[in-house]
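Asks: These protein sequences, in sequence, are chains A and B. Using the UniProt record's numbering, the letters of the first sequence map in sequence onto residues 1 to 485. Using the UniProt record's numbering, the letters of the second sequence map in sequence onto residues 1 to 485.
Treat the hints with care, since some could be wrong.
[What the hints assert, rightly or not] Here are the simulated DSBU-like cross-link-like pairs (lysine-lysine), alpha carbons at most 35 Å apart as the crow flies:
#1 K156/B - K289/B
#2 K289/B - K156/A
#3 K320/A - K156/B
#4 K320/B - K289/B
#5 K289/A - K289/B
#6 K320/B - K156/A
#7 K320/A - K320/B
#8 K320/B - K156/B
#9 K156/A - K289/A
#10 K320/A - K156/A
#11 K156/B - K156/A
#12 K289/A - K320/A
[Unchecked claim] Quick list of the computed label-pair ranges, beta carbon to beta carbon:
#13 D101/B - F304/A: 27 to 35 Å
#14 D385/A - A62/B: 52 to 60 Å
#15 D125/B - T49/A: 52 to 60 Å
These are computed hints drawn from the structure, not numbers from a lab. Just so you know, even glycine gets a beta-carbon here, dropped at the ideal spot from N, CA and C.
Number of protein chains: 2
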Amino acid sequence: MDTDVLAARLRALVGDAAVITDRQRLRTYECDGLAQYRVVPAVVVLAATTADVAAVVRECAAQRVPFVARGSGTGLSGGALPHADGVLVVMSTMRRILEVDRDNQRAVVEPGVINLQLSRATLPDGYYYAPDPSSQQVCSIGGNVAENSGGAHCLKYGFTSNHVTGLELVTPTGEVEQIGGKAPDAPGYDLLGALVGSEGTLGVVTSVTVRLTRSPADVRTLLAAFPGTDQAGAAVSAIIGAGVIPAAIEMMDALAIEAAEAAVQCGYPEGAGAVLIVEIDGPASDVQKVFEEVEGHCHEHGAFEIRIAADDAERALFWKGRKSAFAAVGRISPDYIVQDGVIPRTALPEVLSSIARLSAESGVRVANVFHAGDGNLHPLVLFDDSVEGESERAEEVSGAILDLCIQHGGSITGEHGVGSDKARYMPRMFTDDDLDTMQLVRCAFDPASISNPGKVFPTPRLCGERPGRHQGAHPLADAGVAEVF
Amino acid sequence: MDTDVLAARLRALVGDAAVITDRQRLRTYECDGLAQYRVVPAVVVLAATTADVAAVVRECAAQRVPFVARGSGTGLSGGALPHADGVLVVMSTMRRILEVDRDNQRAVVEPGVINLQLSRATLPDGYYYAPDPSSQQVCSIGGNVAENSGGAHCLKYGFTSNHVTGLELVTPTGEVEQIGGKAPDAPGYDLLGALVGSEGTLGVVTSVTVRLTRSPADVRTLLAAFPGTDQAGAAVSAIIGAGVIPAAIEMMDALAIEAAEAAVQCGYPEGAGAVLIVEIDGPASDVQKVFEEVEGHCHEHGAFEIRIAADDAERALFWKGRKSAFAAVGRISPDYIVQDGVIPRTALPEVLSSIARLSAESGVRVANVFHAGDGNLHPLVLFDDSVEGESERAEEVSGAILDLCIQHGGSITGEHGVGSDKARYMPRMFTDDDLDTMQLVRCAFDPASISNPGKVFPTPRLCGERPGRHQGAHPLADAGVAEVF
């Protein structure tokens, strides 16, 4: 469809000011946090209400125009990458906290609400929103829902999907649905699970009901320095094996520590081959006891220095190194890939050795930062794009790390999502039958494949392409139209 | 299809001994725990392996014969009610614990494994399987997955869906799929949420990977007697409002207490209008402190007697009254309906008053037993079937209670499922659009509507009946064949 005609129709639906077609302004939206992919959208709409979103999606459905929803644009897998012939629906303009229901421990928010803002709003009542991506100061709840975002404290508290109890969804055909609510269970299919983490491929979320978590009475944090990742990994296994569930256990290896020091001078112990940050929260009496137990496990597995945060300032300093690690890598390498993979926790030592071997053999440096308790790795693969062949080699090592994760029964993404970036890796993890089953759901919601097309799935198929499975033909298939998105 | 021909084909696939067609033996399977509905299946197959199940389902798909999977048959909503022209696939014969992976806190089990057996098998290692339906001595994990079963301790530990991380599924077209695994997250749609609680309408689960929970260091239990449910309800609100999350808070009203006393002589305090059982578990130091806090809240809200279990025997006695409450009602009434509904916890006092009013106006006695912390009501509606009109009046009151739950933002079932029994209530809770959205998923997995047809959904539609939504036609629709199941 002609862009001018489309823009004019959208202006009639949502008002002139909400529709952007100026090329310079459109470029603001050409990428998300994964800047290596850039596409300028045909039109941008700044959504103000659910009715706006529904009207825009209905228009897209009628004209078979693809659309992509975008929150704060902090995603690391290109999940909010625009479509060149499509509409980018900006949701960060819907940012009201609609309700804080303290008695039922729920909040209802628009998707553009910033993650940390919600916790700030509920802290005076003694509650907070538990999932805490490192980007929580800027990322939005809607984006967290799309990617099923995790964070350092998800070991104890669970991922976004464990904290969402209801959604308002505009389906790809433009209908407004309520899925779930405040009550803990509902009959019928529990589609919340399928929707959280569906990366915008099943519609646009316009309101989110989340669980609020009681602020812990006490929090204690330690930083333990080890000779290497083997010893640190053994300490993690010992802590978890003893039945302790820390609020967080984070590990950084020597190269990641070097980068963090260069960037934010976090003052981690010198000579550490690995550090662990372990945080325990809960009732004060319990925290003290468990904390001593954790210290014991660290000593027993070779920690040569253990620092205990004396106050909030020191605790913040421990975390500063960890939370700035991704960006800090820029200090020691001109370019890098932030990888994201998951392994069963018990496979940590073996996978870390294999990564070290991959790195040695290829000459590509890899810094490791990860949510050790969850087995969620974030290898940072370093390279210099100005040197011929380096980016290709880095890409190879990066892919080989994902293969390692799969071989050990893990996953190609823990919390960053598949998006544009990892769709090609999906067949390494899933069989054709597995992917077909996912496609059944995609086609059920989005028969025309207009909701964030080209993301998640490696080879977009026309819905109804395998009549043996779908038992029905897609009208486009009858018309002989090929997949265009 | 002719039953003899079907049976012969099935015998060729799974062996003679596994196929039952003898009328007398078939009658064993005519109902589940909801005995008011009875249907004798055409054929019963005793499944021994995943390959058996896949072969049977493929045969059913080829012949368009409906099938129903059944575990221990303890369900309370008629979810395993057979189809008169269909195959009942008995899964209780697949009852091996395939793996206990202590280091990753996971177990892999066949669906016929009894809930409590799994905990017994893992207790020596210090772990157990947390979801604990009252029927846990006899119900199977596969049935728990179908119904997303809860239990008294789900307030703190969550429902079945919070403890399942992987499934092996035979889809209604006979394909074997792995959904999820041991790792905590996977890319693509998270279909675990949609599958757990789908009541057998999306296929047959043949293996379940579950999370194991560390046994708590300490458990303390109190029984508090109140003048009435208002005071007990206020105590519940105060406890939860203070940020305490007990392992369980169960409430019984005067009539439920009377029934339990008549049946099992549990010796609850005399003159109680309501009792609360509150259980606190966790590290010993914490349990003691929180327990005192809970006692304080009970006293403050009018508890006139508080007993603290001195040992496991006394603790078991407290629970005996509660856990036998459903069956005990048979002592004070010849017939009764076990209702199951959910409300936001804050609506408890209002809904209880309304139930009392309904009961007074209709002359139908209602005993209340419930998971108070979750707002999960189990009203027991008493009647005498031999008295003309009583069962109809009881049915009316029972339905009116569900309406109350819906009006207060709750749900028509907390943990027993929709099954055969509540399909007709679904339109009171969901709009046509909501139900159509669920149907999209149903049709994606089961285009021929052969997997447990007639359950959950009020008016089974032919898949593809609304071309505006589904964008495709169902072959049966083209052939002019009506919905037959």
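Asks: For every hint, state whether the structure bears it out.
Replies: Do the hints match the structure? See the list:
no., hint, in the structure
1, K156/B - K289/B, "holds (18 Å)"
2, K289/B - K156/A, "holds (22 Å)"
3, K320/A - K156/B, "holds (33 Å)"
4, K320/B - K289/B, "holds (26 Å)"
5, K289/A - K289/B, "holds (14 Å)"
6, K320/B - K156/A, "holds (33 Å)"
7, K320/A - K320/B, "violated (52 Å)"
8, K320/B - K156/B, "holds (21 Å)"
9, K156/A - K289/A, "holds (18 Å)"
10, K320/A - K156/A, "holds (20 Å)"
11, K156/B - K156/A, "holds (13 Å)"
12, K289/A - K320/A, "holds (26 Å)"
13, D101/B - F304/A: 27 to 35 Å, "holds (32 Å)"
14, D385/A - A62/B: 52 to 60 Å, "holds (56 Å)"
15, D125/B - T49/A: 52 to 60 Å, "holds (54 Å)"
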